[in-house]
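For reference, the chains in residue letters:
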Amino acid sequence: MQYLKNLLSSRPTLLRSLDIAYSATLLPLLFFIKLPILFFLLLVLVLLLIGKKPTAVTLTAVALAGAAAIFFSLYGSFNFAGLSRLKLFVELMIYLLLIAIALQRLTEEVNFYLKISPLLLLATTLFFFYSLPMLIYLLAEVFILITMLVWQVMQTDLDRSLRVASKLYIASLPIVILFFIFFPRISFEHASYGFKGDLVHRSGHDGLMHLDNNALLVPSQRIVMEVGFKEKIPSAGQLYFRGSVLYQKTDRIWRPLNASLYPSLPDLPTGEMTGYKVTLYPTNKRWIYLLDTPLMLPEKAQLDFHLQSTMPEPLKETFLYNAGSLLQSSYKSPLPATLEKIALDYDHKSDPRTQALANDIRSRFNGPRQRLEAVRSFFRGQKLTYTLKPKPFDLNNSTDSFLFDQREGYCVHFAAAFATLARMVGIPSRIVTGYRPDGSDSLGNYLIVRESDAHAWVEVYLDEKWHRVESTAFAGAIIGDTEQTGGADIDRGEKTRWKQLNLYLHYLRYQIDTWILEYSSLSQKKLFSYLKTDTLFLLKFISAFLLLLALLILALYLLSRSKCRDRIQCILQTLLEALEKQGLPKRQGESHNRYFSRIEQSAQIPLSAVNRLYHQLRYQKTVEPETLQRFNEEVRSVKKSLK
Amino acid sequence: MNGLDARFLPLVKAVASVLYGKEESITLALAAFFAKGHLLVEDIPGVGKTTLAKALASLLGLEFSRIQFTSDLLPSDILGVNYFNQKQAEFIFRQGPIFTQFLLADEINRSMPKTQSALLEAMEEDSITVDGKRYELQQPFFVMGTQNPYEEVGTFKLPDSQLDRFICAMSIGYPAREAEREILAQKKPRTLPPGTHITPEEIKEIQERVDRVHLSDALLDYLQAIIALSRNGVHFTHGLSTRGALALAQMTRSWACLHGRDYAIPDDVTAVAPYVCLHRLHFKEGRTILERIRDVITSNTQPDA
Numbered sequence: 001m002q003y004l005k006n007l008l009s010s011r012p013t014l015l016r017s018l019d020i021a022y023s024a025t026l027l028p029l030l031f032f033i034k035l036p037i038l039f040f041l042l043l044v045l046v047l048l049l050i051g052k053k054p055t056a057v058t059l060t061a062v063a064l065a066g067a068a069a070i071f072f073s074l075y076g077s078f079n080f081a082g083l084s085r086l087k088l089f090v091e092l093m094i095y096l097l098l099i100a101i102a103l104q105r106l107t108e109e110v111n112f113y114l115k116i117s118p119l120l121l122l123a124t125t126l127f128f129f130y131s132l133p134m135l136i137y138l139l140a141e142v143f144i145l146i147t148m149l150v151w152q153v154m155q156t157d158l159d160r161s162l163r164v165a166s167k168l169y170i171a172s173l174p175i176v177i178l179f180f181i182f183f184p185r186i187s188f189e190h191a192s193y194g195f196k197g198d199l200v201h202r203s204g205h206d207g208l209m210h211l212d213n214n215a216l217l218v219p220s221q222r223i224v225m226e227v228g229f230k231e232k233i234p235s236a237g238q239l240y241f242r243g244s245v246l247y248q249k250t251d252r253i254w255r256p257l258n259a260s261l262y263p264s265l266p267d268l269p270t271g272e273m274t275g276y277k278v279t280l281y282p283t284n285k286r287w288i289y290l291l292d293t294p295l296m297l298p299e300k301a302q303l304d305f306h307l308q309s310t311m312p313e314p315l316k317e318t319f320l321y322n323a324g325s326l327l328q329s330s331y332k333s334p335l336p337a338t339l340e341k342i343a344l345d346y347d348h349k350s351d352p353r354t355q356a357l358a359n360d361i362r363s364r365f366n367g368p369r370q371r372l373e374a375v376r377s378f379f380r381g382q383k384l385t386y387t388l389k390p391k392p393f394d395l396n397n398s399t400d401s402f403l404f405d406q407r408e409g410y411c412v413h414f415a416a417a418f419a420t421l422a423r424m425v426g427i428p429s430r431i432v433t434g435y436r437p438d439g440s441d442s443l444g445n446y447l448i449v450r451e452s453d454a455h456a457w458v459e460v461y462l463d464e465k466w467h468r469v470e471s472t473a474f475a476g477a478i479i480g481d482t483e484q485t486g487g488a489d490i491d492r493g494e495k496t497r498w499k500q501l502n503l504y505l506h507y508l509r510y511q512i513d514t515w516i517l518e519y520s521s522l523s524q525k526k527l528f529s530y531l532k533t534d535t536l537f538l539l540k541f542i543s544a545f546l547l548l549l550a551l552l553i554l555a556l557y558l559l560s561r562s563k564c565r566d567r568i569q570c571i572l573q574t575l576l577e578a579l580e581k582q583g584l585p586k587r588q589g590e591s592h593n594r595y596f597s598r599i600e601q602s603a604q605i606p607l608s609a610v611n612r613l614y615h616q617l618r619y620q621k622t623v624e625p626e627t628l629q630r631f632n633e634e635v636r637s638v639k640k641s642l643k
Numbered sequence: 644m645n646g647l648d649a650r651f652l653p654l655v656k657a658v659a660s661v662l663y664g665k666e667e668s669i670t671l672a673l674a675a676f677f678a679k680g681h682l683l684v685e686d687i688p689g690v691g692k693t694t695l696a697k698a699l700a701s702l703l704g705l706e707f708s709r710i711q712f713t714s715d716l717l718p719s720d721i722l723g724v725n726y727f728n729q730k731q732a733e734f735i736f737r738q739g740p741i742f743t744q745f746l747l748a749d750e751i752n753r754s755m756p757k758t759q760s761a762l763l764e765a766m767e768e769d770s771i772t773v774d775g776k777r778y779e780l781q782q783p784f785f786v787m788g789t790q791n792p793y794e795e796v797g798t799f800k801l802p803d804s805q806l807d808r809f810i811c812a813m814s815i816g817y818p819a820r821e822a823e824r825e826i827l828a829q830k831k832p833r834t835l836p837p838g839t840h841i842t843p844e845e846i847k848e849i850q851e852r853v854d855r856v857h858l859s860d861a862l863l864d865y866l867q868a869i870i871a872l873s874r875n876g877v878h879f880t881h882g883l884s885t886r887g888a889l890a891l892a893q894m895t896r897s898w899a900c901l902h903g904r905d906y907a908i909p910d911d912v913t914a915v916a917p918y919v920c921l922h923r924l925h926f927k928e929g930r931t932i933l934e935r936i937r938d939v940i941t942s943n944t945q946p947d948a
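First to last, the protein sequences are chains A and B.
Just so we're aligned, residue 1 is where the first sequence starts under my numbering, counting upward by one.
Just so we're aligned, residue 644 is where the second sequence starts under my numbering, counting upward by one.
With the rest of the complex left out, here is chain A:
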């Protein structure tokens, strides 16, 4: 502790300050840079700790070691085409910068480049991190840099430097916020500026359903869309966001039909519609996701015969839309003969055991209703296990493999097996893929849909109606972290206070994620469109900014007010300020005694009592207790006489 105190009490040298700045800016990069470069930095650190002034030979060796480290770090990924990718380019820039800094630091010669480099490191960090801890660290890091700078420039103690740094920091915040709003940072997600960019589309759902390793399974927590309901969020059993409808299985992949085959819409049911607003992030696909059964669509969107809704162009930008649905799991629809044929089709050459089972069911039950019930009870009796990491299937007989051998899988396998078996027993069926959030990721009317909410379920045609079957609900056991058991009797339990708090934190983090960490030119457009259309929001926005401004000014005021450590000095200070306002300032190096005497003579202000009492209070051996009181009154009366 004492050591630390000593360390902080004396102003560090410029080189030491730079070391601190480098440590602060390097820390986050250490998680990112590759092993050879880490070794290189370690080597430089050892050389620095040895502390000898390096010779030209040492410096050359270090430079060569750096070049080697870069080579090994980027080995394989490096080619000139690769340079057009922003990420690789920045990575290379960072490595070059680190080597340059290391060489410069070893010579111990402080120059402009060494001083500017911590800021460059800080800037490059911004490319790589999109997390809340990093945001907090970044804010702290900037503060550290400012403090070091102030400490060097002002040649004062740490306490004062911290104060000045805080003031600078606070004063800069409004400008930072304005810059932040108007100049979104470059991110790899939305990289432009001449770089190709590693464009990542959010695609928990890709319109198809793979049964092999490309299966629809994205455990990512990335947000696909945000949904704001007009009223409260429907129950979890009704939150089926419909994506694509799959009829045909070819080569282990379930596919949708060519949309143009059935252009006409079925008669849609009527009823009380649930309205909601969706913010769909770029998917690079044409699907948009609406709750079953969709009634109201966004402009330009098309609803087809199978209730799939699509846009004319793939979504390359965040898409905001209003929609309305009837929360109903079945709807009346004609089934043309051609379509019925497709909906009953299955591969006769594969899955012999399932076919045998279907034949058995066919022979024992007559009506489709009874047959469906038989299929259901078979699924229940099979004791299937839900897991996100199933054992590998025999892909040629995937239904057999799932139902009789492995008996474990996730929504895709459940849906595919159920639909196949239903078709085999003569019930037209199809698979629907989309999103099915469990509703826990919500606050008020606000719902978050993530990639991990991607889901597949089955629809069977019975009594001229399509009925939804939650195939995953037949799982008898659940292994591991799951979110897609949907429909199974998941007891969500009562929201305890702790859970509630957790949700609020989650919501807050979500808002920070959305509006700060993932703020981009897209968010900017969205923000501006809100500001343009919603006057109330505009007013709120401006008043929030003004409130922040007021708070910052208050903080600045509190910071710049000198701390009152000494009552006598504080009382005197008020008098000195009052006198200064009268145009009677204290001169440089003038003692209070001389000052008061001078003012008393030149301005005819009776100050001798104040002067005497002040000096008694401060310098006399024993002071009567009422002296401070008298001093205070005396100062007050003088101030009054000034007015």
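Hint data in this document are derived by calculation from the structure and do not stem from the laboratory.
The reader is advised that the hints may include incorrect statements.
Heads up, incomplete: computed chain A residues facing chain B, CB under 10 angstroms, no partners named [said to hold, decoys possible]: (1) Q588; (2) Y619; (3) T622; (4) P625.
Every value quoted in this text rests on a predicted model; they were computed, and no experiment measured them.
Glycine included, each C-beta is placed from N, C-alpha and C at the ideal position.
Once you have looked at the hints, place chain B on chain A.
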């Protein structure tokens, strides 16, 4: 708050009646006396050093004695000698001029270091030693030493360690135009008006009072700030010694006492600090003389021509 205490004002006025317009120097000399220190006056001859000394001695009721230091002055000329009395067949000590209460040591830098050191030792110890025998000096004992700052030839510069023994140093300086006119016109007598002096008991009481003057924490902070400033190596070659720091504190107390307070304020410090530091601190020069000479030579001659 600023003026002299009513008790000391007539004393200063009385001395000022013979040393026109030099109230501040007089007050400072009194402060040095009541601080039980010794005073060094650095000035040219004929500005009133002796007048000041005689007037002060008379005012304080002290026995006055004067030694004019010359290059052949020996320590025994100051301290006294043991001489052999043939009648009584024994050595008898004959006291030198130092056995007095107010000693004006004129131009001390003219004598040899050996002689200077005899005086300075006496100042420090308040006693002298001759042939192994110790003789106490009378109390109070006050030395007002003078130095001629403008003569370089034939002087032995006092080392800093010895100058340190003087609690403060000052110069009297030329009188102001008005004061000098009065001197020229000889309108006033050059002797102290009768009836103004203080008794030995009073002197003792005042000196004790000086010792009791309170230096608060805030004031000690200020004192230490000045001491630290002298030592930080920016302005001066070396800082105040601890003896110098003590001298500053003691002069501050004395000054506060003369101004009627039993506590010191920063103005007391700023009033005495320059005089306490005058003979103790040396400003750092930008370049040494050696460097300047070398510079002059190299810039004005051409060695390879």
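**OP:** Of all the hints given earlier, name the ones this structure violates by number, lowest first.
**Re:** Hints 1 and 4 contradicted; others consistent.
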